[in-house]
Amino acid sequence: MTRSALLVPVGSGLFTLAWLVLGAVSPGYTLFGHTIAPYSWVSQPISGLGLGVTGPWMNTAFVVSGVLVAVGVLSGARSWHGRLGRAACVLLALLGVGMVVCGLFTLESIMLHLLGFVIAVPLPALGLVLAGVHLRGSSTRLSAVGIVGGLVTLVLFVVFQATFDASGAGGNEGVSGLVQRALVLTVMAAVSVLVVAVSRPPAAAAGATTADRLSVG
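Heads up: take any position in the sequence shown, counting from 1, add 7, and you land on my numbering.
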């Protein structure tokens with residue numbers, strides 16, 4: 008495979024490790040003059056870690072991880088053929104672009120931060136669905152990863168939007184923090200699997216296709 012494609016799971020893993028560790032040590036944060044403490048994985052968004060004492064570390068993780076993901080996806084652009092494949096590749100790369108935007112603009116720059124979130128999640132989710140459709144003729148397994156991963160991500164995005172309440176989250180109420188983490192883990196895992204698999208040499212890809220056909224037969 009193209010080694011640079013591994014930057015996608017590496018960047019995703021780094022980002023996940025960052026919010027796990029920083030979420031465990033964060034005493035809380037202040038947003039628009041309101042102190043939110045203690046920090047809760049259950050009700051608080053990951054972006055809350057971009058404020059307070061954990062801010063420099065979390066925002067660095069956003070940017071560095073985002074760059075790794077974007078570079079990893081685009082490094083395998085030649086493996087995506089046709090208009091549909093190229094469109095899917097571009098949308099998948101937006102996962103990293105959106106992460107960088109979120110790291111550069113914290114919750115205190117709320118509109119730009121939300122723009123980064125939209126770029127990083129629902130748009131790559133559409134890319135996953137397109138990738139799944141594109142891969143139907145070559146690998147049923149990868150096609151399923153793309154379509155199912157994209158649809159699950161979109162459903163979780165809608166659930167997050169429906170459950171998130173700024174006032175409730177500020178009082179550590181609700182479960183929107185958990186929903187968002189499931190959302191982020193889903194899109195990152197699906198993008199990582201597809202990018203690494205698609206970047207494999209033709210011989211390896213052909214072997215995977217044969218295995219798919221044998222399993223179906």
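A hint or two may mislead.
To be verified - Label pairs and their computed distance ranges (CB to CB):
id: 1; residue 1: Leu-122; residue 2: Arg-10; range: 16 to 22 Å
id: 2; residue 1: Arg-93; residue 2: Ala-44; range: 31 to 37 Å
id: 3; residue 1: Arg-148; residue 2: Arg-90; range: 21 to 27 Å
id: 4; residue 1: Arg-143; residue 2: Leu-111; range: 23 to 29 Å
id: 5; residue 1: Gln-168; residue 2: His-88; range: 15 to 21 Å
id: 6; residue 1: Leu-158; residue 2: Val-60; range: 36 to 42 Å
id: 7; residue 1: Leu-91; residue 2: Ala-196; range: 32 to 38 Å
id: 8; residue 1: Arg-93; residue 2: Asn-179; range: 41 to 47 Å
Since the hints were derived computationally from the structure, they do not count as laboratory data.
Every residue gets a Cβ at the ideal spot worked out from N, C-alpha and C, and that includes glycine.
Exercise for the section: Mind listing which of the numbered hints don't hold for this structure, in increasing order? Expected result: 1, 2, 4, 5 and 7
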